[in-house]
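Chains as they are written, first to last, in this note's numbering: chain A, 6 to 116; chain B, 876 to 987.
Just so you know, these hints were derived from the structure itself, not from any lab.
Please note: incorrect hints may appear among the correct ones.
In the BS3-like style, the derived pairs of lysine-lysine whose C-alpha atoms are separated by at most 25 Å in a straight line are [what the hints assert, rightly or not]:
{"no.": "1", "chain 1": "B", "residue 1": "953", "chain 2": "B", "residue 2": "899"}
{"no.": "2", "chain 1": "A", "residue 1": "6", "chain 2": "A", "residue 2": "103"}
{"no.": "3", "chain 1": "B", "residue 1": "943", "chain 2": "A", "residue 2": "103"}
{"no.": "4", "chain 1": "A", "residue 1": "47", "chain 2": "A", "residue 2": "6"}
{"no.": "5", "chain 1": "B", "residue 1": "953", "chain 2": "A", "residue 2": "73"}
{"no.": "6", "chain 1": "A", "residue 1": "47", "chain 2": "B", "residue 2": "899"}
{"no.": "7", "chain 1": "A", "residue 1": "103", "chain 2": "B", "residue 2": "953"}
{"no.": "8", "chain 1": "A", "residue 1": "103", "chain 2": "B", "residue 2": "899"}
{"no.": "9", "chain 1": "A", "residue 1": "6", "chain 2": "A", "residue 2": "73"}
Derived coverage of chain B by chain A (criterion: at least 3 residues anywhere in the stretch with Cβ under 8 Å from a Cβ of chain A; other residues may be distant) [to be verified]:
{"no.": "10", "region": "913-925"}
{"no.": "11", "region": "952-958"}
Looking from chain B toward chain A, a few residues come up when the C-beta cut is under 10 Å (computed) [as the list claims (entries may be wrong)]:
{"no.": "12", "residue": "879"}
{"no.": "13", "residue": "930"}
{"no.": "14", "residue": "940"}
{"no.": "15", "residue": "964"}
{"no.": "16", "residue": "966"}
Cβ coordinates follow ideal geometry from the N, Cα and C atoms, glycine included.
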Amino acid sequence: KQEVTQIPAALSVPEGENLVLNCSFTDSAIYNLQWFRQDPGKGLTSLLLIQSSQREQTSGRLNASLDKSSGRSTLYIAASQPGDSATYLCAVRSNDYKLSFGAGTTVTVRA
Amino acid sequence: DAGVIQSPRHEVTEMGQEVTLRCKPISGHNSLFWYRQTMMRGLELLIYFNNNVPIDDSGMPEDRFSAKMPNASFSTLKIQPSEPRDSAVYFCASSLGGYEQFFGPGTRLTVL
Numbered sequence: 006k007q008e009v010t011q012i013p014a015a016l017s018v019p020e021g022e023n024l025v026l027n028c029s030f031t032d033s034a035i036y037n038l039q040w041f042r043q044d045p046g047k048g049l050t051s052l053l054l055i056q057s058s059q060r061e062q063t064s065g066r067l068n069a070s071l072d073k074s075s076g077r078s079t080l081y082i083a084a085s086q087p088g089d090s091a092t093y094l095c096a097v098r099s100n101d102y103k104l105s106f107g108a109g110t111t112v113t114v115r116a
Numbered sequence: 876d877a878g879v880i881q882s883p884r885h886e887v888t889e890m891g892q893e894v895t896l897r898c899k900p901i902s903g904h905n906s907l908f909w910y911r912q913t914m915m916r917g918l919e920l921l922i923y924f925n926n927n928v929p930i931d932d933s934g935m936p937e938d939r940f941s942a943k944m945p946n947a948s949f950s951t952l953k954i955q956p957s958e959p960r961d962s963a964v965y966f967c968a969s970s971l972g973g974y975e976q977f978f979g980p981g982t983r984l985t986v987l
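For reference, chain A alone in the conformation it holds in the complex (with noise of 0.2 Å):
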């Protein structure tokens, strides 16, 4: 069974600062990684998707990058602003159809 591990829980920074929110997996024989954000009482809205043959996509300041074989990606996100606070969630896709999630980053940005 995947296990998804995101750290830190949670993360305040000052506005400006990069933001760098690590997710981690337990089998690496995936088929993509995707990447959601969560605004309190919203639904998921996709940032970036992942294929396990590509090591990172990028989406104006989002980065994220994918070592398969380690299991670890990381979300960057550069130039922080307070409209970037939000749940950040990891999801890992194995070779059939399920999601597999992690339980997020509660990300504070203070103006």
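Start from chain A and add chain B according to the hints.
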């Protein structure tokens, strides 16, 4: 483009009542997922449909839960009878094949 649409957004009901949650996936997507999110257990996959056929319902908690997908543009999740421990946020998500999953806004269910 419309994303995944769910209704109702909020549902408050009394224990023992039947609850029906609805989902319209993104047009053209052939996979549909129902998830449940609670503080204690996080996000859990309840059931997965591919091309309108239920492929995996191993996450459905018990016989009180049932799901249908009569066509490619509509799915329902029914709880009968509902219990307080069913209180959670229920999400529907869709995807095209094995690619990116897109989530709906969720239905917040409260069973009194």
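Tested hints:
1. B/953 to B/899: 15 Å, holds
2. A/6 to A/103: 11 Å, holds
3. B/943 to A/103: Holds, at roughly 19 Å.
4. A/47 to A/6: 28 Å, violated
5. B/953 to A/73: 38 Å, violated
6. A/47 to B/899: At roughly 17 Å apart (the allowed maximum being 25 Å), residue 899 of chain B and residue 47 of chain A satisfy the hint.
7. A/103 to B/953: Within the cut-off at roughly 22 Å; holds.
8. A/103 to B/899: 20 Å, holds
9. A/6 to A/73: Cα-Cα ~16 Å, so holds.
10. 913-925: Per the Cβ count (5), the hint holds.
11. 952-958: violated (count 0)
12. 879: 8 Å, holds
13. 930: 7 Å, holds
14. 940: Constraint on residue 940 of chain B not satisfied, violated at 18 Å.
15. 964: 9 Å, holds
16. 966: 6 Å, holds
Figure legend: structure checked against the earlier numbered hints; hints not met, in rising order: 4, 5, 11, 14.
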